[in-house]
Amino acid sequence: MDQEETNLDQIMIVLENIEAQNLSQEPSIKNWLSNITHPDFKLIDSMINLFLDNILDLTLSKNILKVLRKLNMYQRDQILPQLTSNKKFPMALSEYITKNKPSDVSGDAFVLLGEIFITSSFKEVTTKKFVNSIFDAVSIIDDEDVFNSIVLILTQINFETKDNEENIFTLVFQDHENGRYLVEGLLRILNNTEDKKTTYRILKCFNDTMATTKDCLLYSSDLEAFIGLSIKKLETTTNEELRMYILNVLQQITIFDDYYKTKYKIDELIDILESYESSNDVCEENRTISAKILENINKH
138 MDQEETNLDQ
148 IMIVLENIEA
158 QNLSQEPSIK
168 NWLSNITHPD
178 FKLIDSMINL
188 FLDNILDLTL
198 SKNILKVLRK
208 LNMYQRDQIL
218 PQLTSNKKFP
228 MALSEYITKN
238 KPSDVSGDAF
248 VLLGEIFITS
258 SFKEVTTKKF
268 VNSIFDAVSI
278 IDDEDVFNSI
288 VLILTQINFE
298 TKDNEENIFT
308 LVFQDHENGR
318 YLVEGLLRIL
328 NNTEDKKTTY
338 RILKCFNDTM
348 ATTKDCLLYS
358 SDLEAFIGLS
368 IKKLETTTNE
378 ELRMYILNVL
388 QQITIFDDYY
398 KTKYKIDELI
408 DILESYESSN
418 DVCEENRTIS
428 AKILENINKH
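Taking the working numbering, the leading residue of the sequence shown gets 138, the next gets one more, and so forth.
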């Protein structure tokens, strides 16, 4: 074992002790973490380089990613810029995810890549092979943080795709067997998040996948949950952007016969849409979408 691997093992032992004994807020520990993760110390660069050289060494690569994730958890403001500034690292993570079997891939890779996607756009990473590999992992992930990171990555890929560009996300989604797992996860996160960006990404994801697949995608109970959530938000929000994303999905949903099997809360929905259509407090675009949804409902 060379010196870099020895140092990695020693740091991992210390980090595990910090976590086990809940010492991360101790002044001496905070100072140590700040010192070793400072760019001048070059620890992060050396760990990234070690990862680049050992992508297919499953044990070593997992250990590197584990340490990077833990350090980023404690010193995010100092470490994340170092992860994003090294342009080779996102590409290496992509290669690691695509070249190894889903069951062999460390969840820490998705968490770190999700962190990078929050602050940066790496379109060169988002190949069809990469997106397909992420979908392969969706059904076997049981760590909530890892799953949320996968959702963040996929919805961000979709969100960044321009109207005139090929949407790799929807192309993979419509043919992949794990699409259902993703839909259930998206709805679960949507029900629990208060973050605007996450909400917008998920709603756009629903809209784009429904438009591409020509399918409602939501089972009866999930559909009712989404309708209930939509009504609640449309009744209370004055945010035109949030209104637009919700209304766009409702416009898709009301095209399909699935909703009309139960017509869940349809009277409440119609009341809101009629009030939107005629209100001067709602922007013209959202009044127009509301009118189109009402047309869909009246056709059924």
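It should be emphasised that the hints constitute simulated quantities derived from the structure, not laboratory data. A few of these clues could be false.
[To be verified] Below, simulated DSSO-like cross-link-like pairs (lysine-lysine); rule was C-alpha separation at most 27 Å, straight line:
1) 199 - 299
2) 238 - 225
3) 400 - 429
Consistency of the hints with the structure:
1. 199 - 299: 34 Å, violated
2. 238 - 225: Measuring from Cα to Cα gives roughly 21 Å; hence the hint holds.
3. 400 - 429: 17 Å, holds
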